[in-house]
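Visitor: Single-letter residue listing:
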Amino acid sequence: DGGITQSPKYLFRKEGQNVTLSCEQNLNHDAMYWYRQDPGQGLRLIYYSQIVNDFQKGDIAEGYSVSREKKESFPLTVTSAQKNPTAFYLCASTPTRVYYNEQFFGPGTRLTVL
Amino acid sequence: RKEVEQDPGPFNVPEGATVAFNCTYSNSASQSFFWYRQDCRKEPKLLMSVYSSGNEDGRFTAQLNRASQYISLLIRDSKLSDSATYLCVVNSRDNYGQNFVFGPGTRLSVLP
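Read top to bottom, the protein sequences are chains X and Z.
Every position in the first sequence, counted from 1, becomes a number in this note's numbering once 187 is added.
Every position in the second sequence, counted from 1, becomes a number in this note's numbering once 1 is added.
Each hint should be verified, as a subset may be incorrect.
No farther apart than 16 Å at their CA atoms in a straight line, the calculated lysine to aspartate or glutamate pairs in the EDC-like style are these [said to hold, decoys possible]:
| id | chain 1 | residue 1 | chain 2 | residue 2 |
| --- | --- | --- | --- | --- |
| 1 | X | 257 | X | 225 |
| 2 | X | 258 | X | 225 |
| 3 | X | 270 | X | 211 |
| 4 | X | 196 | X | 211 |
| 5 | X | 244 | Z | 95 |
| 6 | Z | 43 | X | 249 |
| 7 | Z | 80 | Z | 4 |
| 8 | Z | 3 | X | 246 |
| 9 | Z | 80 | Z | 95 |
Okay, the calculated bits of chain X under chain Z, using three or more residues with CB under 8 Å as the criterion [stated by the list, open to error]:
| id | region |
| --- | --- |
| 10 | 232-244 |
| 11 | 249-257 |
To be clear, the hints were calculated from the coordinates, so they are not data collected in a lab.
Note that beta-carbon positions come from the ideal geometry of N, C-alpha and C, so glycine has one too.
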């Protein structure tokens, strides 16, 4: 089945450590996105990529980094510079050729800093 | 002013009630609009796209008013399973590509 996978589902990190969240899609979508969601809040855009080897900062990119070496993969690294990384992280994708298409989401990774 | 605003909620309604959610957006260049549903601790899932002429899917009706930059979602005959957070999403193009902006969500609890 086509879809978006994220791993791990739960992740615990000690302060000062970098961690990488995985996002893979087999929908052949061009655009991929990373969002952060805090309890009781909406989704905030961290980074997005419209094409391989290119990406742009979203509203809250500080303390995060991404890469887009393959169309199907868009990993997110949460660095030690991110002051409050405990949150629910969601990866999404969308085709870009049809403008009115919605976003498809992965199941998310819940990151907790100990 | 936030780009996408929604009723603050929560909405607590009895089964069978009709409930309406409102959403406003600030970017007049926005091109496409969606309602997503998010269950607790889960990812958002598309409920319905919103078209200029309005559209209906069973008990759900979505309306768009571009002049007022306003979107609505009506749920008729509420079920317990409708309990969730409803997210209004607006899609526009920036210099880079497609950008989806999410409202903060409105939580609905349908009570027996």
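Visitor: Among all the numbered hints in the text so far, which are the ones the structure does not match?
Guide: 1, 2, 3, 6, 7, 9, 11
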